[in-house]
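Those sequence lines, one after another, are chains G and X. Under the working numbering, the first residue of the first sequence carries the number 1, and numbering increases by one thereafter. Under the working numbering, the first residue of the second sequence carries the number 1, and numbering increases by one thereafter.
Treat the hints as calculated values from the structure; they're not laboratory data. Check the hints yourself; a few may be wrong.
Across the chosen pairs, the derived CB separations fall in these ranges [as the list claims (entries may be wrong)]:
#1 92(X) x 174(G): 54 to 60 angstroms
#2 77(G) x 59(X): 45 to 51 angstroms
#3 104(X) x 185(G): 17 to 23 angstroms
#4 104(X) x 109(G): 38 to 44 angstroms
#5 279(G) x 59(X): 18 to 24 angstroms
#6 84(G) x 104(X): 33 to 39 angstroms
#7 350(G) x 59(X): 29 to 35 angstroms
Interface residues of chain G toward chain X, partial, derived using beta-carbon atoms under 8 angstroms [stated by the list, open to error]:
#8 111
#9 116
#10 117
#11 370
All residues carry an ideal CB built from backbone N, CA and C; glycine is no exception.
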Amino acid sequence: MIRMGWLLLAAAIAGLLPGAADAQMLNARRLGMGGVATSDNGASRSANIAFRAVPKGEGYGSIPLPLGLLQLAGDTPEFDPDDPDFNIFEILDLVSNPPLTYSLSKPDEVSGDISIFVGRDSLLVDLDDVRRVIPEESMRQGGVYHLFGIGFGIKNFFVQLQPIVHVRNEFDLDPNLRAALRDAEPFVSNTRYGLVDDGVAQAAVAFQAGIALRAYRAPAAGAGEDVDGVGEEDGDPPDPKALDPRRNRETSLYLGAAPKYLLGLAYGQVDGAGGVTTGDTLFGSSDPVAFDMVARTRYAAVGEAGGMGHGYGADVGAVLFWNNFELGVGINDVGSEISWDTTVKQHVYSDSLNEFGTTLLAVDEDFTSRIPATTTINVAKRMGPTTIAADLVDNELSTGVHVGAETWVGKFALRGGFYRDSNGRWQVAGGTGVRFGGIGLDLAVASHGRYVEETRQTELSASLTLY
Amino acid sequence: MRRWIVVLALLPLLMGGCGDRSLILTVDILSFLDPADVSQAYGPIPGGLSGVTVDVASEEVSLLQGIEDVTEVSSATLDIAASFDNTTGTASASFRIYITSADSSDVFSSTPIADIPVSLTPGAITNVSTQVSSDALAEALVQDKAKIGVRITFDTTASGIVPVQGTETITVLRATVITKKDL
Chain G
1 MIRMGWLLLA AAIAGLLPGA ADAQMLNARR LGMGGVATSD NGASRSANIA
51 FRAVPKGEGY GSIPLPLGLL QLAGDTPEFD PDDPDFNIFE ILDLVSNPPL
101 TYSLSKPDEV SGDISIFVGR DSLLVDLDDV RRVIPEESMR QGGVYHLFGI
151 GFGIKNFFVQ LQPIVHVRNE FDLDPNLRAA LRDAEPFVSN TRYGLVDDGV
201 AQAAVAFQAG IALRAYRAPA AGAGEDVDGV GEEDGDPPDP KALDPRRNRE
251 TSLYLGAAPK YLLGLAYGQV DGAGGVTTGD TLFGSSDPVA FDMVARTRYA
301 AVGEAGGMGH GYGADVGAVL FWNNFELGVG INDVGSEISW DTTVKQHVYS
351 DSLNEFGTTL LAVDEDFTSR IPATTTINVA KRMGPTTIAA DLVDNELSTG
401 VHVGAETWVG KFALRGGFYR DSNGRWQVAG GTGVRFGGIG LDLAVASHGR
451 YVEETRQTEL SASLTLY
Chain X
1 MRRWIVVLAL LPLLMGGCGD RSLILTVDIL SFLDPADVSQ AYGPIPGGLS
51 GVTVDVASEE VSLLQGIEDV TEVSSATLDI AASFDNTTGT ASASFRIYIT
101 SADSSDVFSS TPIADIPVSL TPGAITNVST QVSSDALAEA LVQDKAKIGV
151 RITFDTTASG IVPVQGTETI TVLRATVITK KDL
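For reference, chain G alone in the conformation it holds in the complex (with noise of 0.2 angstroms):
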């Protein structure tokens, strides 16, 4: 019973996590125009396969700066359950939001006494504080995550190898249970109140070869002229906005693509339900709560039953550049499949019994698990010295939008922008930057929700780049 409720437990921990939560964005160039993806962006070169055949523009490297570790040693979270200062929440809102940028607010303290009315056939708990993290609704986590890859390129052929892990996880409370939690509101008899959690985690190693090109070229009229009206008949070196197919106004179209083979490291997934039922009294003299648990469990792993998966994949992008403007579509992981041999298993509670039951269903079932697509849609526009662009990113769980602007001035860069998070929620940013000739250093202040507490707080980002 014990284990139970440590399951239940490391259920409702997982249910407090944020849902889809976005990844820290550590170039604070990118941060400063609300996150969007550009050709120009190095930050933004995974989701296009075809900007690896763009020439560089400004800004083509970043090296962050983590300011996050600074302020994390000044204020280190307790870590030891036993000292008063101990709040889980603190911890869990390290993971959800790693020490990385600066924060510049924190969510106040999740805290407060936890309060229980009981009576013969009443009962209700009063979490105070702590209902703040009760999900008002279905949390899902996770999402792809293309791990760093070795490879090299020669001309437009590439090759590397990349890990890949992909992890989902939807939990939910039912109406009952989340009414009891987060509202405050009393048990009642002959109810049930349950959870669901649905989880998916499956990691491989990528073996890809790819083109990236320009399949087309129209060089705008004019051609050849400097763009900053500085030309090399000055004795002046090339001006290298005239490659640029950003800026000197031909049109160009890139393509790239880059078929995978995926080696499947190890697959689980777990679908699983619980609950309690009251009786005809809450707290009667007999035992009046009924428990129910089901879950079922795939798996296969390197080394385990089943072993190494295998499936293939793709990533395919294009980007169009047409008197300045820049359009991107890059599609990740199309297609991409692997087959396992599976074991599958379902664990039961039994009431009566006291223990769970668990039925070995299948061993070596074939199974073809999917690595979800990330689209990214992007759009910019170059006037001189200003960017405007804007990107739509849609993946299995969610479709976020980044819009943002970038204008120089001198040596020094303004930015602004804003983005819609992975909860749908509605976040700012804005920057600035000075370069320094081959170096810049950049600071953007952005809002984000990735606290477990969802409530939307500050961060400051810094980062060099590379021009």
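Fit chain X to the given chain G structure using the hints.
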């Protein structure tokens, strides 16, 4: 009752670690008593006697199993209120509440948690109330079961030959236990 532990024990775990916070458990003990024990007639008790004992209630009630395991009791209080509708006679009485863990053999052999003096006069309603706290109360209320006893001891020597009788009603019997997490 037993299985509520799994649900309710999660609460202190969940509050887990909300810093130096408390779990406040309020138990309406009165609701667990048999309604026949809540309001009960006494007497007629002949006048001129002392130490006449009337056992109003003696019950075992289920509480929240597991609370003791996950929390450390900071304090425990018991709010008591009762009404005595005395029809005839004059007496002084002691209204006593006993609460012990369920494994004790006789709840009335323990030291009373509360001992409330009551003066009864003919044709008068006397209301009494008090709040008591004790380590014994705390110890008993964090168990999964507890024994509750209510006893009234009458001294009718002041009543002369008039017998004492009336109706006693317990109106409040509510325990509040404040615990800290002890994980």
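Hint check:
Remark: the range hint 54 to 60 angstroms for residue 92(X) to residue 174(G) is upheld by a beta-carbon distance near 56 angstroms. Judged by the Cβ atoms, the range 45 to 51 angstroms given for residue 77(G) and residue 59(X) holds: they are separated by roughly 47 angstroms. Our hint of 17 to 23 angstroms for residue 104(X) and residue 185(G) is violated, since their Cβ atoms are close to 37 angstroms apart. Remark: the range hint 38 to 44 angstroms for residue 104(X) to residue 109(G) is upheld by a beta-carbon distance near 43 angstroms.
Range check, residue 279(G) to residue 59(X): about 20 angstroms between beta-carbon atoms, so the 18 to 24 angstroms window is met. Between residue 84(G) and residue 104(X), the C-beta spacing of about 34 angstroms keeps the proposed range 33 to 39 angstroms intact. Against the hinted window of 29 to 35 angstroms, the Cβ-Cβ separation of residue 350(G) and residue 59(X) comes to about 32 angstroms, which satisfies the hint. Look at residue 111(G): its Cβ gets to within about 5 angstroms of chain X, closer than 8 angstroms, so that hint holds up.
Checking residue 116(G) against chain X by beta carbon gives a least distance of about 5 angstroms; that is within 8 angstroms, so the hint holds. Contact between residue 117(G) and chain X, as hinted, is supported at the beta carbon level, the nearest pair being about 5 angstroms apart and thus within 8 angstroms. About 34 angstroms separates the beta-carbon of residue 370(G) from the nearest beta-carbon of chain X, more than 8 angstroms, and the hint is not met.
Violated hints for the displayed structure, listed by number in ascending order: 3 and 11.
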